[in-house]
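Chains as they are written, first to last, in my numbering: chain A, 1 to 235; chain B, 1 to 332.
Hints were generated in silico from the structure; no laboratory data involved. The structure presented is a predicted model; accordingly, all values stated were derived computationally and were not measured. All residues carry an ideal CB built from backbone N, CA and C; glycine is no exception. One should not assume that every hint holds.
Said to hold, decoys possible - Just the calculated beta-carbon pair ranges, DEER-fashion:
(1) B:L209 - A:K102: 51 to 57 angstroms
(2) A:Y233 - B:I158: 40 to 46 angstroms
(3) B:I6 - A:Q127: 57 to 63 angstroms
(4) A:L64 - B:G162: 55 to 61 angstroms
(5) A:L124 - B:R50: 28 to 34 angstroms
(6) A:L124 - B:N302: 54 to 60 angstroms
(7) A:E99 - B:L184: 53 to 59 angstroms
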Amino acid sequence: MTNQYKIFPLGDSAVTFDMGNSISEALNQKALAMQHWLLANPFEGLKDCLVAYSSLTVLYNPVLIKKYYNPATTVFTWVADLLQQAFDKSVQTKPVARELIKIPVCYEAGYGPDLLPLAQSARLTEQEVVTLHTDTIYNVYMIGFLPGFSYMGEVNERIAMPRKQTPTPVMAGSVGIAGPQTGIYPLNSPGGWQILGRTPLRLFDPFAPEPVKLQAGDRVQFYAITKKEFEEYSS
Amino acid sequence: MSLTIIKPGLLDTLQDLGRPGYGGLGINRGGVMDRYAAQVANMLVGNEVREAVIEIHFPGAQFLFEQNTLISITGGHFNAMLNDEPIPLWHPIVVRKNAVLHFPKLQNGNRCYLAVHGGFCVPQWLNSYSTHLKAGAGGFHGRKLEKGDEIPFKESSIYFAGLLKPGKEFEALKWGVDTGSTYLHPNEIFFIEGNEWEQLTYQSQKAFLQDNFTVHPFSDRMGYQLKGVDLHRSANTELVSSAVSFGTIQLLPNGQLIVLMADHQTTGGYPRIGHVISAHLPKLAQLRPSDVIHFIKTDITNAEQLLIAQQQELNILQRACTERLNSLYVKH
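Okay, chain A solo, but in the shape it has when bound:
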């Protein structure tokens, strides 16, 4: 673990602890460990805690912190010191051997509008792209953008196509690629990722006891299913 990091205000009610502008499992694990430490050592006014690729952001209510702790410094400095403690004191346990989550994806025509163009530009067959996409075990780095949208990585560099210039409508369940990232759209949404296929699984269900199925730190692998199997899932 390097000690290169930066703590900065994300407005007057949030602080980000940024460990470097990179997609790294080690940094992501450290951010998760810090989050774990903070949730075990909460403070009055703590509103939320967000893990991203290589950063942790804490959202807080400055009025409550001022009232309860009356720091001599700014509230920002007070929270920044606490994040420093979280960094120093959190123990980065070895990633728990979580059960591998297997996600069925239909890559057939009509399900992945960008599969063929991506294959052509990568000089691969569609089947080769699917194999490369399903061979890798992905780490879920973060959930963001939409309720339950999982940012996973890293995809094989042969199929790591950049996102589109202009977003287009994307159907719920669509599985896409953007550079080294892969992810699943939990809801119908405009989106710029290259869509390879679609899963029949519902990854966001607002009224389920756990509305979001995947969480940061999960391990995921995709497997191909036929159109018929997709329809059987959905019915």
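Following the hints, put chain B in place on chain A, whose structure we already have.
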């Protein structure tokens, strides 16, 4: 105890102060755009500040009150009328059964808030009444209000009905709220530097501080797009996604700016050149397309002080409103 939508508006939703704590699931805090106006609306009718209110955009819906009800309207000025008579904003108002609330003309502001005594009785989703349109959850069935919707209240306003004078459709109570400095100098928006501020070229920093920016028509509860001079960074480093917040000013690849508002996505990868201070978000939330913004730089110390002062003012208002309403109970 309820009100009924007899004609739908552009975008009327139930909102409260939002659902913090679910950012890690990609679920944003959401909630009202103007937290000051929404809290005052609740105070005026004797509610806790966290009760649900209806956030109304122009053109607003028409609301029929099924019972005598104590209400208040705060925020944007849309010439609120009960039947044929204008009613004041920022006042408690007792409304007679069957009166119709409507908003014929936009004067200023971008959204107003309707609170009813006791609050609206709808189920919470993830500890909040706020409507999350994308998730289709929270508020009234996870959607905007439509014709025929009947929104129930938690409590009756029967104590206040005696204040109605014969032949009058409503009675505005004698006291109101002075919004003080909250909306003064509406176009002057304070910000603190974002993490990528230093990446702006000197000319772009200067332009950001000196030029005016105009709110673009494509502005909504997710974000305000701004029109202005193109801004540039000295190096176009790609950023990996990380958290963003209500008020974050992002630089888009085309050189234009967007200010993230209540329904912003939880994470983003565009450079954060600044953050609007929380005390000025109510002011910003009342700006409309084609309104002008002049950004003024401040620091975190001042941002915190202004927010704490605004909260202290709200606390004073809350006590004053409670005392006034309690004095009415005693008289009865």
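The hints, checked one at a time:
Under the hint 51 to 57 angstroms, the C-beta atoms of L209 (chain B) and K102 (chain A), about 53 angstroms apart, fit the expected range. For the pair Y233 (chain A) and I158 (chain B), the beta carbons lie near 54 angstroms from each other, so the given range of 40 to 46 angstroms is not met. One distance hint, 57 to 63 angstroms for the beta-carbon pair I6 (chain B) and Q127 (chain A), holds here, with the actual separation near 59 angstroms. Hint check: L64 (chain A) to G162 (chain B), Cβ distance near 39 angstroms, so the stated range 55 to 61 angstroms is violated.
For the pair L124 (chain A) and R50 (chain B), the supplied restraint of 28 to 34 angstroms is violated, since their beta-carbon distance comes to about 54 angstroms. Checking the proposed 54 to 60 angstroms range against L124 (chain A) and N302 (chain B) shows it holds: the Cβ atoms sit about 56 angstroms from each other. Our hint of 53 to 59 angstroms for E99 (chain A) and L184 (chain B) holds, since their Cβ atoms are close to 57 angstroms apart.
When held up to the earlier numbered hints, the structure conflicts with 2, 4, 5 and fits the remainder.
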